[in-house]
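Counted the way numbering that gives the first Met the number 0 counts, the sequence shown spans residues 0 to 73.
Errors might be hidden in some of the hints.
Mimicking SDA-like on lysine to any residue, the simulated pairs with C-alpha atoms at most 20 angstroms apart in a straight line are [what the hints assert, rightly or not]:
1) Lys-33 to Phe-44
2) Lys-33 to Val-43
3) Lys-33 to Ile-45
With beta-carbon atoms standing in for the labels, derived distance ranges [stated by the list, open to error]:
4) Phe-34 to Phe-58: 50 to 60 angstroms
5) Glu-36 to Thr-56: 27 to 37 angstroms
6) Ala-55 to Thr-24: 25 to 35 angstroms
7) Asp-25 to Phe-58: 48 to 58 angstroms
8) Ile-59 to Asp-25: 42 to 52 angstroms
9) Thr-49 to Thr-24: 31 to 41 angstroms
10) Met-54 to Val-27: 38 to 48 angstroms
11) Gly-60 to Thr-24: 49 to 59 angstroms
12) Thr-56 to Asn-29: 39 to 49 angstroms
Since the hints were made in silico from the structure, they are not lab data.
The beta carbon of each residue, even a glycine, is placed where N, CA and C say it ideally should be.
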Amino acid sequence: MPKDGNADKVIKLNSRRIACSKTKTDCVSNMQRKFRELVATTTVFIALATVFIGMATVFIGYGDRLHGDKVPRK
0 MPKDGNADKV
10 IKLNSRRIAC
20 SKTKTDCVSN
30 MQRKFRELVA
40 TTTVFIALAT
50 VFIGMATVFI
60 GYGDRLHGDK
70 VPRK
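From just these sequences and the hints, can you work out the full model?
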């Protein structure tokens, strides 16, 4: 029984029951769109984290040490 009062169908998809007022194709494409949005968001987050870590590494001075330059000690 659908929990949503507007849903007139219950579609079984990947062993989960999904209340949907649209056709099965519409529900699948909606789930695919949400998945693509999740992948895009995750990719952007990983890219920004990588840039931040790279900038922090260079700022701290590890970038100079990797190239064999002498870094003055405190």
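Numbers of unmet hints, in rising order: Those not satisfied are hints 4, 6.
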